Amino acid sequence: MRKELIELRVNGRKHELAIEPSELLLDVLRQELDLTGSKRGCDDSSCGACTVLVDGVPTLSCTMLAMSCAADEQEALEITTVEGIADHGALAAIQKAYGDWGGAQCGFCTPGFMITVKALLDRNPEPSEDDIRHALSGNLCRCTGYTQMYQAIKAAIEAEQEHR
Amino acid sequence: MAEFSVIGKRIALVDSAGKTTGQGKYADDLQLPGMLTGKILHSPYPHAKIKKIDASKAEAVEGVVCVVTGPDAPNKYGILPVGHDETALAVEKVRYVGDNVACVVATSEAIAERALELIDVEYEQLPAWFDPEDSMKAERDWIHPQRPNNIEKDYHHVFGDPDKGFAEADVVTEHRYIAGEVTHAAMEPHCTLAQFEIDSQTGQPGRLTVWSSTQVPYYLQHKLSIVLEMPMQQIRVIKPLVGGGFGGKSEVIPLEIIAAVAARKAKAPVKITYTREEVFWAHRGRPRTIIDLKIGAKKDGHLTSVAAKVIQDGGAYCSYGVVTILYSGALLGALYDIPNIRYDGYRVLTNKPACGAMRGHGTVNVRFAFESQLDEIAGQLEIDPAEIRRINLLKPPCVTVNNLRVQSYGLPECIEKVIERSGWGERRGKLPPARGMGMACSHYVSGAANSIIRSDMPHSTVNIKIDRDGGVVVYTGASDIGQGSDTMVAQIVAEVLGIGLGRIRVIAADTDLTPIDIGSYSSRVTFMNGNASLRSAEDVKKKIVAAAALKMNCAPEDVIMRDDRVWKRGTASPATNGAGAEHTARADTSGGSVREVSGRVEGQTLRGSLQQKRKDEGPKDQMSFEEAVVSAIDFTGALSGTGSYAPPKDARGGAFKGAGVGPSPAYSYSAQVAEVSVDEETGEVKVHKVWAAHDCGRALNPVSVEGQVIGSVWMGLGQAMQEEMVWKDGLLMNPGMLEYKSPSATESPEVECIIVESVDPEGPFGAKEASEGSLAATIPAIANAIYNAVGVRLREAPFTPERVLAALKAKRSEKKALEMTRGSDPSSPTTFREHGGSLWFKGKGPQRHEDDPSRRTNQAETAAGDD
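Which chain is which? The protein sequence lines are A and B, in order. Residue numbering for the first sequence follows numbering that gives the first Met the number 0, beginning at 0 and increasing consecutively. Residue numbering for the second sequence follows numbering that gives the first Met the number 0, beginning at 0 and increasing consecutively.
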């Protein structure tokens with residue numbers, strides 16, 4: 000397939016890339032931009048390890064064509080990967096809390112959770128436990144049983160509130 | 000002053016920031032210049048001879064570099080020395096749907112996939128065996144000709160006098176239990192990247208480097224050496240971050256060998272990453288297990304005898320099978336005091352992906368049967384389920400009837416704590432209708448006392464290097480797969496040397512750099528690598544202390560190292576004034592934009608010898624860690640330490656055949672209570688909460704211990720409630736995360752972890768395992784809670800709504816349950832069912848897919864008839 004030149008906006012930076020129109024956003028992020036934080040954990044969009052924000056909406060990058068995020072007449076869609084959520088080179092509150100509270104064990108699903116939780120807290124800074132469970136239900140983890148993630152999210156919310 | 004300064008504290012894993020930021024690299028995140036992609040062609044038939052492979056059309060595709068087939072690497076290997084029955088790619092025969100036939104190496108994944116379709120393979124189908132009880136009766140077409148009747152291995156152990164024990168019993172119960180087949184489904188699909196270096200002397204491909212998602216770099220190096228016919232020292236295995244293992248990466252998985260063979264043939268680096276479906280085929284999970292269990296007990300609740308016949312549906316290769324079937328029998332002991340045991344175990348080959356080691360290896364399904372039946376006996380004898388467990392406690396230190404040495408034993412406290420926290424006494428029996436509580440216990444080894452490759456070699460060795468900057472580098476072969484072993488090693492070394500974690504850099508699991516550790520399996524790492532780390536740190540500490548003692552004019556015993564300071568016993572605590580001195584030094588130099596750094600900066604001694612400084616300063620009572628390190632280097636030269644661990648002789652078990660599996664230097668213990676409610680209309684079970692008390696000896700990092708225990712309970716819950724591999728004529732019906740039903744956040748109840756510390760006499764600071772022992776108790780705890788809620792005994796796991804409903808109906812009508820499959824009663828199955836209770840059975844289910852191998856058979860027969 001012939002490659003086409005596209006422009007993507009990822010983590011606040013513009014990238015010009017030559018890609019095949021059939022390439023998935025996940026593959027472009029991982030292979031072309033070396034943003035390997037987003038992971039491929041399944042074949043069928045069931046695990047959530049590849050979650051990124053597309054214009055603020057958590058999206059499975061394994062089901063989206065890179066082309067559909069590119070600039071055409073409109074501005075390119077703003078893509079945020081896990082690499083883009085650190086707080087000026089330091090850990091964001093949610094990243095610190097996941098480490099401190101054991102929300103990440105093997106860490107393979109963690110980037111997806113970081114994005115999902117960030118989207119949740121951006122939308123709803125004080126989620127109930129049901130809100131949290133519901134938001135996390137699209138991301139699978141095989142290590143933690145999720146329990147320590149809830150503690151981490153609670154701690155991150157508290158840290159954010161103190162910060163304000 | 001607290002007893003410990005680093006261990007016992009709740010700290011983040013040392014590699015957690017790499018995980019939460021996405022900076023950490025897993026095998027599939029690595030790229031090399033000129034790297035090619037490998038894709039594997041899998042068998043569509045469960046059992047067939049390969050008559051011919053024609054890859055010429057595939058090789059002609061632009062972008063395809065080569066096609067690798069079985070004859071390119073025909074040497075047999077296997078994780079167990081007694082089970083060398085695999086080849087990298089099939090030679091002569093395929094043995095399951097998904098078996099590895101050929102590998103295309105191409106410049107892109109898309110090209111490789113296209114080329115796969117162009118490989119012509121001519122098969123001759125053979126009768127296939129899917130049911131272990133049928134398979135055991137096979138007279139011909141054995142899966143491996145060297146394994147008559149498809150029995151990989153059978154063991155028949157008798158300890159004490161089981162018949163006499165049953166004769167003395169007041170009640171004897173006997174039932175059949177079946178536990179469905181489950182798999183690890185670690186979030187990271189397996190991935191291997193292999194690269195050869197050109198040798199400068201010969202000009203030919205020489206050293207091989209392999210980056211792989213493995214729990215066992217050392218075994219991988221060993222098996223690569225066998226298959227590639229290369230000396231081990233020419234092979235370097237590096238374990239990057241690993242995205243979960245649970246046993247699924249604890250042996251050499253075909254792609255690891257295939258990638259290396261492919262890199263050799265393609266003369267370029269090759270990376271192979273499994274798709275999720277391939278991960279399910281690679282499998283090595285927990286086998287479907289049939290357990291016929293007989294238990295005898297006295298009226299007072301004392302167990303007199305246990306007899307178990309266990310049949311495991313092992314799949315097409317040995318894998319860890321011989322070990323699994325031995326664990327199933329051996330770990331009947333060491334939890335309770337059982338005077339007489341008979342065990343008959345059969346590991347059977349079938350034409351399905353190989354089963355292997357999975358979290359709680361070998362014990363889980365038998366523990367489900369045992370704890371369910373113990374609950375039933377308690378009911379018959381009108382003894383509280385917690386009480387019957389207390390009645391049968393061991394009295395350690397002791398050696399069990401099957402030669403397992405038990406020292407630390409936190410089970411009584413686990414039972415006590417879990418009763419207290421769950422409100423067992425007050426709440427059980429007083430819950431609303433269809434709501435109940437159940438209890439179960441379990442245990443696990445803290446590392447196998449005998450390694451797979453029998454030798455006197457230490458199971459773990461750890462080296463430490465300290466340089467003049469006071470930085471401590473620890474070289475450990477331990478494989479961190481997310482359980483936190485790097486953190487554990489850092490904590491132990493920091494504790495011994497009395498320094499902060501910030502000074503320590505852990506270099507792990509790289510066979511060129513790190514000394515041998517046999518791998519992350521059998522929950523051995525904290526106990527064994529932890530002990531090696533402890534000894535290594537003590538070795539280097541001895542040298543530092545000797546130098547510091549000279550400097551401070553005191554005996555080495557009077558030197559105290561803690562909080563990055565070294566001081567003479569009996570002098571004032573230096574913690575505050577030591578730090579103050581450094582602050583002064585810092586304040587002196589932080590004024591201008593140009594700084595003088597010759598001499599001392601923030602405690603570092605960059606120039607000058609200790610002798611010179613001693614002349615300047617005279618003898619002192621205390622010093623910084625750097626000063627002590629510099630003094631040691633000045634006295635002894637390079638400062639390094641080494642330590643290793645091998646389990647003691649008296650913990651290695653008996654002398655009978657099969658005695659090598661089960662013994663461990665220490666056992667962890669768990670007691671759990673589950674609270675469930677059952678919807679009697681739909682058969683749906685909701686688990687409200689699980690309380691789990693786990694005896695881990697000593698919690699080196701409580702956050703990690705809790706994470707491991709909760710994770711184990713959660714995985715047990717998955718197996719109890721919804722996870723099951725469903726087969727139809729050897730074809731896996733649910734090879735995806737959704738179909739396999741890994742529980743999501745909304746399906747996962749709260750798990751409360753209670754840490755019990757029995758402080759083992761041989762564990763590092765008393766620590767034992769925490770990652771596996773809790774899994775086995777969860778399944779029977781839930782089964783017993785279901786019985787408590789609605790009075791039906793589920794003897795087949797998982798407890799799906801169909802099974803629960805069938806059992807409820809059977810109870811209500813007091814007739815045989817709905818005949819869902821082969822006419823067996825789901826509440827008391829007597830025959831094996833391949834498909835786990837769904838309607839997919841021998842054509843009775845929905846229309847078969849056209850790719851279904853059995854359908855192809857029919858077509859082939861029809862076609863033959865026409866001739």
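Since the hints were made in silico from the structure, they are not lab data. Among the clues, some could well be false.
Claimed, not checked - List of simulated lysine-lysine pairs, DSSO-like, C-alpha gap at most 27 Å:
1. B/Lys56 to A/Lys95
2. A/Lys2 to B/Lys808
3. B/Lys48 to B/Lys92
4. A/Lys153 to B/Lys688
To be verified - Stretch-level coverage of chain B by chain A, calculated; a stretch enters the list once three of its residues show a Cβ under 8 Å from a Cβ in chain A:
5. 14-25
6. 471-484
7. 644-655
Stated by the list, open to error - Far from chain B, by Cβ distances over 12 Å, these chain A residues were calculated:
8. Gly11
9. Glu19
10. Pro124
Please read all numbers here as calculations on a predicted model, not as lab measurements. Where a beta carbon is used, it is the ideal one built from N, C-alpha and C, also for glycine.
Hint check results:
Annotation: proposed proximity of B/Lys56 to A/Lys95 is violated, straight-line Cα distance about 53 Å (limit 27 Å). This hinted pair does not check out: A/Lys2 and B/Lys808 have alpha carbons roughly 62 Å apart, beyond 27 Å. For the suggested pair B/Lys48 and B/Lys92, the alpha carbons sit about 4 Å apart, so the restraint of at most 27 Å is met. A threshold of 27 Å between alpha carbons decides the hint, and for A/Lys153 with B/Lys688 the separation of about 20 Å falls inside it, so the pair holds.
Counting residues of the segment 14-25 of chain B whose CB falls under 8 Å from any CB of chain A gives 12; the rule of at least 3 is met. Requiring three or more residues with a Cβ within less than 8 Å of a Cβ of chain A, the coverage given for the segment 471-484 of chain B holds, as 4 such residues are present. Residue count for the segment 644-655 of chain B with a Cβ under 8 Å from a Cβ of chain A: 0. That is fewer than the three needed, and the coverage hint is violated. Every Cβ of chain B is farther than 12 Å from the Cβ of A/Gly11; the closest lies at roughly 16 Å, confirming the non-interface assignment.
Remark: the non-interface label on A/Glu19 conflicts with the geometry, its nearest Cβ contact in chain B lying 8 Å away (cut-off 12 Å). Every C-beta of chain B lies more than 12 Å from that of A/Pro124, the closest at about 19 Å, which supports listing it as non-interface.
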